[in-house]
Amino acid sequence: MKFSCWKLSYFLLAFLLVPNRAFAMHIMEGFLPIEWAIFWWVISIPFIILGLRSIRKTIDENPETKMILGLSGAFAFVLSALKIPSVTGSCSHPTGVGLGTVLFGPLAMSVIGTIVLLFQSLLLAHGGITTLGANAFSMAIVGPFIAYFVFKGSQKIGLSFSLAVFFAAMLGDLGTYVVTSVQLALAFPSEVGGFMASFTKFAGIFALTQIPLAISEGILTVIVMNFLKKYNVSELKALRVFSAREAH
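Numbering (our numbering), first residue to last: 4 to 251.
Since the hints were derived computationally from the structure, they do not count as laboratory data.
Just to be clear, a hint being listed does not mean it is correct.
Said to hold, decoys possible - Listed next, the in silico DMTMM-like pairs over lysine to aspartate or glutamate satisfying Cα-Cα at most 20 Å (straight line):
1) K60 / E238
2) K155 / E238
3) K69 / E238
4) K232 / E67
5) K240 / E64
6) K240 / D63
7) K204 / E194
8) K233 / E67
9) K240 / E67
Claimed, not checked - Label-pair restraints from in silico Cβ distances:
10) G197 / A128: 30 to 38 Å
11) G197 / I222: 33 to 41 Å
12) F245 / I62: 15 to 23 Å
13) S163 / G33: 42 to 50 Å
14) R59 / I160: 31 to 39 Å
15) E67 / L127: 25 to 33 Å
16) E67 / G197: 46 to 54 Å
17) S237 / R59: 20 to 28 Å
C-beta atoms are modelled at their ideal positions from N, C-alpha and C, and glycine is treated no differently.
Start from the sequences, fold in the hints, and give me the full structure.
Have a look at this one:
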């Protein structure tokens, strides 16, 4: 692995020194009713198991990609730790899952994202253990799957590599917050209007901060990906990130 990747990892991790207020979280510990907390855990666990197998296969076939795997985790950790308080019991923030999804696929990102969320709940008081399943489902599972299909679809219709990465990161970010809005609305339906009224309220408040954050995340992800494309092209080819046309 080239030294440039080490420098980029250090640059991203340096942002951890920026202080974050403790109330800025994912869905916070104890906020969801216990039945919903258990439900999202049960839904998330199969994806995590499949993700572990995906990572093991990738590392066995391409051991030189371990550093980029670590970089993907650091990128997601740093971006999703930058919180903007939003709806009661939650917040708006970049997710950082687009980079790892483009590089390793959505199943691998389900593991990386869940580890990121676990570390944040234990070390930064962001999120919680009981709500880890819900946060993982929205940010580490649904977000990456959206990003993956957007990236592949963008490549198929002939968009440039940078545009494909941008739309994947941006829409993966927005998809996470649509799911978070669904989760909160299911747990706390409005007395008047039920689920839809509650969903509209949550999603509307999130949109004020999340849309510009998603656009910014898309741009930053393109910058980092182009850096890797310039200095670590052999690893990206090994991971089959490029389409047949872009690989030449």
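Structure-based check of each hint:
no., hint, result
1, K60 / E238, "holds (15 Å)"
2, K155 / E238, "holds (19 Å)"
3, K69 / E238, "holds (10 Å)"
4, K232 / E67, "holds (15 Å)"
5, K240 / E64, "holds (13 Å)"
6, K240 / D63, "holds (16 Å)"
7, K204 / E194, "holds (13 Å)"
8, K233 / E67, "holds (17 Å)"
9, K240 / E67, "holds (12 Å)"
10, G197 / A128: 30 to 38 Å, "holds (32 Å)"
11, G197 / I222: 33 to 41 Å, "holds (38 Å)"
12, F245 / I62: 15 to 23 Å, "holds (20 Å)"
13, S163 / G33: 42 to 50 Å, "holds (45 Å)"
14, R59 / I160: 31 to 39 Å, "holds (33 Å)"
15, E67 / L127: 25 to 33 Å, "holds (31 Å)"
16, E67 / G197: 46 to 54 Å, "holds (52 Å)"
17, S237 / R59: 20 to 28 Å, "holds (21 Å)"
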